[in-house]
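Student: Generate the whole structure from the sequences, applying the supplied hints.
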Amino acid sequence: MSEYILTLCYLVASVTFILGLKMLANPASARKGNLIAAAGMALAIFGTIFLYQEEGFKLGNYAWIFGGLLIGTIAGAVSAKKVKMTAMPEMVSIFNGMGGACAALISAAEFYHIYEAHKATPEIAFADIVSVGTYITIAAGAIIGTISYIGSILAWGKLNGRVKDYSFKGQHIVNLVILALVIACAIWVYQSTIADIYIPFLLIGFFAFIYGVLFVMPIGGADMPVVISLLNSFTGVAAACGGFLYNNKAMLTGGILVGAAGTLLTILMCKAMNRSLLNVLIGSFGGGNKAAASVEVSAQGHYKEISLADAAMVMSYANKVMIVPGYGLAVAQAQHICHELEEILNDKGVEVNYAIHPVAGRMPGHMNVLLAEADVSYDKLMEMETANDVFKTTDVVLILGANDVVNPAAKNDPASPIYGMPILEVELSKTVIVNKRSMKPGYAGIENDLFFQPKTSMLFGDAKKVLQDLCAEVKAI
Amino acid sequence: MENILSWISLNQQVIYIVILMIFVGIEVIGRVPSVLHTPLMSGANAIHGVVVIGAIIVMGKAEPNDYLALAMGFLAVILGTLNVVGGFVVTDRMLEMFKKKK
Numbered sequence: 002m003s004e005y006i007l008t009l010c011y012l013v014a015s016v017t018f019i020l021g022l023k024m025l026a027n028p029a030s031a032r033k034g035n036l037i038a039a040a041g042m043a044l045a046i047f048g049t050i051f052l053y054q055e056e057g058f059k060l061g062n063y064a065w066i067f068g069g070l071l072i073g074t075i076a077g078a079v080s081a082k083k084v085k086m087t088a089m090p091e092m093v094s095i096f097n098g099m100g101g102a103c104a105a106l107i108s109a110a111e112f113y114h115i116y117e118a119h120k121a122t123p124e125i126a127f128a129d130i131v132s133v134g135t136y137i138t139i140a141a142g143a144i145i146g147t148i149s150y151i152g153s154i155l156a157w158g159k160l161n162g163r164v165k166d167y168s169f170k171g172q173h174i175v176n177l178v179i180l181a182l183v184i185a186c187a188i189w190v191y192q193s194t195i196a197d198i199y200i201p202f203l204l205i206g207f208f209a210f211i212y213g214v215l216f217v218m219p220i221g222g223a224d225m226p227v228v229i230s231l232l233n234s235f236t237g238v239a240a241a242c243g244g245f246l247y248n249n250k251a252m253l254t255g256g257i258l259v260g261a262a263g264t265l266l267t268i269l270m271c272k273a274m275n276r277s278l279l280n281v282l283i284g285s286f287g288g289g290n291k292a293a294a295s296v297e298v299s300a301q302g303h304y305k306e307i308s309l310a311d312a313a314m315v316m317s318y319a320n321k322v323m324i325v326p327g328y329g330l331a332v333a334q335a336q337h338i339c340h341e342l343e344e345i346l347n348d349k350g351v352e353v354n355y356a357i358h359p360v361a362g363r364m365p366g367h368m369n370v371l372l373a374e375a376d377v378s379y380d381k382l383m384e385m386e387t388a389n390d391v392f393k394t395t396d397v398v399l400i401l402g403a404n405d406v407v408n409p410a411a412k413n414d415p416a417s418p419i420y421g422m423p424i425l426e427v428e429l430s431k432t433v434i435v436n437k438r439s440m441k442p443g444y445a446g447i448e449n450d451l452f453f454q455p456k457t458s459m460l461f462g463d464a465k466k467v468l469q470d471l472c473a474e475v476k477a478i
Numbered sequence: 020m021e022n023i024l025s026w027i028s029l030n031q032q033v034i035y036i037v038i039l040m041i042f043v044g045i046e047v048i049g050r051v052p053s054v055l056h057t058p059l060m061s062g063a064n065a066i067h068g069v070v071v072i073g074a075i076i077v078m079g080k081a082e083p084n085d086y087l088a089l090a091m092g093f094l095a096v097i098l099g100t101l102n103v104v105g106g107f108v109v110t111d112r113m114l115e116m117f118k119k120k121k
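First to last, the sequence lines map onto chains Y and H. Under this note's numbering, the first residue of the first sequence carries the number 2, and numbering increases by one thereafter. Under this note's numbering, the first residue of the second sequence carries the number 20, and numbering increases by one thereafter.
Mixed in with the good hints, there may be bad ones.
[To be verified] So, partial list: chain H residues that the calculated Cβ filter (under 7 Å) puts toward chain Y:
{"id": "1", "residue": "21"}
{"id": "2", "residue": "25"}
{"id": "3", "residue": "48"}
[What the hints assert, rightly or not] The calculated lysine-lysine pairs, modelled on BS3-like cross-linking and capped at a C-alpha distance of 25 Å, are:
{"id": "4", "chain 1": "H", "residue 1": "80", "chain 2": "Y", "residue 2": "59"}
{"id": "5", "chain 1": "Y", "residue 1": "250", "chain 2": "H", "residue 2": "80"}
{"id": "6", "chain 1": "H", "residue 1": "80", "chain 2": "Y", "residue 2": "120"}
{"id": "7", "chain 1": "Y", "residue 1": "476", "chain 2": "Y", "residue 2": "431"}
Read the hints as simulated data drawn from the structure, not as lab findings. By construction, the Cβ of each residue, glycine as well, lies at the ideal position given by its N, Cα and C atoms.
Tutor: Structure below.
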């Protein structure tokens, strides 16, 4: 009886995962979708604890299970509650790494289980005990889980600046060799007798670990969102391996669902940046151009600065102002003061909107979350296509720490590395005010023509400080 | 060859699920506005925390005196739970901010 109920639990859980993911894709239902998926997860977890049976035996070690659940719940909830909104992407990466490590540990434990059960007959070939399909899922779970774990930890380190980019010549070849070694060890295990499987299995983990490190190390910090999304789908596949191993439909559906959706999301992110996934992974972006860019900087054209008072004046007497937030705003944590400026201008009868580039901030959609945190109303946030139509009738565009996403070179310079990337066409408006910390090029390491156009003026300084001063100036008018 | 074919027909249910789920996953996400990419990634991250079920099974099957198996299972349960709880709570915190203002 109880296993029928468990089957039902898993069925309900699988449906809630699909439903939850579907609702997450719509702003109005997103929060409910998340809660529905969470409820399904709780059902699956408690169903497993109390109803799972294998060959007629129920699970034991309840004290350990509940101890682990309790520790994980408290640590997870507290760290998720305490993290700052700007550090969200790092947090997601950490949680993803934990999932990967969990999948790898399951594979290791299952492998150990097989070893313990057959160690009395050490001369039997491993291949005679375990079918190819089962072994592949164990090995794949271990390999993918390990890569996902160490990759996510490094991605976390890169996002908060603790880990620097590192690459060496011929790294791609080394990576391929190590990947080949991982697979070779996996085959070696399968060819061994029970007595000899230990060392090659540990080597699988060791080489997978090295591969994960080398995989993430050369990729630039600003590309981490793509990498995290990719590792997210990796962990999904690793979870599905576990589902296959235990013939567990909830794990299988949940894992594959995330694997597929995560892969698509990764591709969508790459598309928004006009880069292929391969290009991101090889990490060659900007590599050759950086040297060229530094030469160009010395030969850059003339730009004009604008004083705070003038900027405040221009904005107060405009009809329509569009704010273009970028990475600089996120780093300076200036979202609250930005909203304040919007309200002050609103009181003066100025219409203020936000133009959000799909990859603004540290992650696609991250800027929306940051602005939403600062109480900016959802319908003031315009997506790129809408914003590009509105720029023509906009008087002032205020760019806060964005650079490459407004670079006209993406439209009219075929030699530019970002050529073809969809951008916010801010130059269609009457006036452009750019807030940056300095004239340094943005992430792509290329010069931005926009800054030298006659209608553009520069307002140097930290986004938060500048916005505070702007607010004061606008109020005084 | 026969090995592989028999494996496929033995596991056809699972293979069907995998293929259909790949399509469902792509279909469900296909029309997401870019504003929701980060919460969606975070939500998907929480869902693959379902791997904790495997950890619970490993833990529950371990012999009470086999400390290596117990330790591995225990660690796996903690990490998996972190993934699930942390993932859902972070996603909820992000989405809380999308509430319609009155």
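Student: Could you run down the list of hints and mark each one as holding or not?
Tutor: Consistency of the hints with the structure:
no.	hint	in the structure
1	21	violated, 12 Å
2	25	violated, 10 Å
3	48	holds, 4 Å
4	H/80 to Y/59	holds, 8 Å
5	Y/250 to H/80	holds, 19 Å
6	H/80 to Y/120	holds, 18 Å
7	Y/476 to Y/431	holds, 23 Å
Checked against the numbered hints above, the structure violates hints 1 and 2; every other hint is satisfied.
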